[in-house]
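Visitor: Sequence:
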Amino acid sequence: MIRRLAPLLALTIAACGTATPGAGGEVRVEAPDYPVTTLVVHGTAAPDKPTKAELQDLTRSAEQSGEKLETLLRKYRGYTTFQALVSQLATDQPELYVSAGYVDDGPADVWLRLTREPDRPLLDRIRATPYDVEVQYGTPLGSAALVKIKERMFGVVGDFPGIRGGSAGVDPRDDSIRIRYAIEEGATVDEAELRDAALQAGGGAGNIPVDVVFVNDPASVREPLGGSRPDRTTPAVLRSDDNPVGRS
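All the letters of the sequence shown, read from the start, carry residue numbers -19 to -1, 1 to 229 under mature numbering (1 follows the signal peptide of the UniProt record, and there is no 0).
Hints in this document: simulated from the structure, not taken from any laboratory. Glycine residues also receive a C-beta, built at the ideal position from the N, C-alpha and C atoms. A couple of the hints might just be wrong.
Claimed, not checked - With a cut-off of at most 27 Å between alpha-carbon atoms, the simulated DSSO-like pairs for lysine-lysine come out as follows:
#1 LYS56 x LYS30
#2 LYS33 x LYS56
#3 LYS49 x LYS33
#4 LYS30 x LYS49
Unchecked claim - Have a look at the derived ranges for each label pair, beta carbon to beta carbon:
#5 THR169 x GLU7: 18 to 28 Å
#6 ASP198 x ARG101: 44 to 54 Å
#7 LYS56 x THR18: 24 to 34 Å
#8 GLU166 x LYS49: 47 to 57 Å
#9 PRO88 x VAL170: 41 to 51 Å
#10 ALA173 x ASP14: 23 to 33 Å
#11 ARG97 x GLN37: 34 to 44 Å
#12 THR61 x GLU165: 40 to 50 Å
The task is simple: from the sequences and hints, build the whole structure.
Guide: What follows is the structure, given as structure tokens:
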């Protein structure tokens, strides 16, 4: 498995980084690859017992999606225990924890991404969940560092002349930073200059060893820019609005 790693200078569009245009006004500034090690830790705990409300939610979801209730019960059988572990890691060790989510298909139920190899106490805690966990370690930035860099870049984009609004976040599927923005009607914006300014600002908070995606998409704007907004503290696992479910 490969992840991304690069110093700041490799991310500047005019230097070594690669800016790849995408659909709908999207440009991805790619960082060079870096290796990530994976291992599967098999959970030994009994399944979590769903509450009445959780069972009602799963039943409703099964009816709406067409999935069997038994399938959903198995998928979410360790949610409470695993979520507690992820929440504690995100709070107590943000330099270690990166993100987590469900595996669509593979030898594990969920994945847990870390910056370094887990020690034995953490491995024991992972085993004490009902899930088989694919542990991915070797990513260069923890969740706190990613948020710090994102907020620096977000603030610069918000202050850039001609920008009227936008949003920013970290995509838990690949740890890329995604910045969406809208240009004021009638304004002329040098978007290459905007990207370069944002990347330089992010480098002021530390290296940017992940892809950065800039999206010019007026339809996606929901709130004004103008400095960084507080980042949500809910861990990425199972947070539907960030689409964390899946595998990178």
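Visitor: Compare the structure with each hint and give your call.
Guide: Hints and how they fare:
1. Pair hint LYS56 plus LYS30 holds up; C-alpha atoms about 13 Å apart against a cutoff of 27 Å.
2. For the hint linking LYS33 to LYS56, the alpha-carbon distance of about 17 Å falls within 27 Å, and the restraint holds.
3. Taking the CA atoms of LYS49 and LYS33, the gap is near 18 Å; set against the 27 Å cutoff, the hint holds.
4. Between LYS30 and LYS49, the direct Cα distance comes to roughly 18 Å. Compliance with the 27 Å bound is thereby established for this hinted pair.
5. A C-beta distance of roughly 20 Å is found between THR169 and GLU7, which places it inside the suggested range of 18 to 28 Å.
6. Taken as a hint, the range 44 to 54 Å holds for the pair ASP198 and ARG101, whose Cβ atoms sit roughly 46 Å apart.
7. Distance hint check: the CB atoms of LYS56 and THR18 are about 26 Å apart, consistent with the given range 24 to 34 Å.
8. With their beta carbons about 50 Å apart, GLU166 and LYS49 fall inside the hinted range of 47 to 57 Å.
9. Against the hinted window of 41 to 51 Å, the Cβ-Cβ separation of PRO88 and VAL170 comes to about 47 Å, which satisfies the hint.
10. For the pair ALA173 and ASP14, the beta carbons lie near 24 Å from each other, so the given range of 23 to 33 Å is met.
11. A hinted range of 34 to 44 Å holds for the C-beta pair ARG97 and GLN37, which are about 40 Å apart.
12. Between THR61 and GLU165 the beta carbon distance is about 46 Å. The supplied range of 40 to 50 Å therefore holds.
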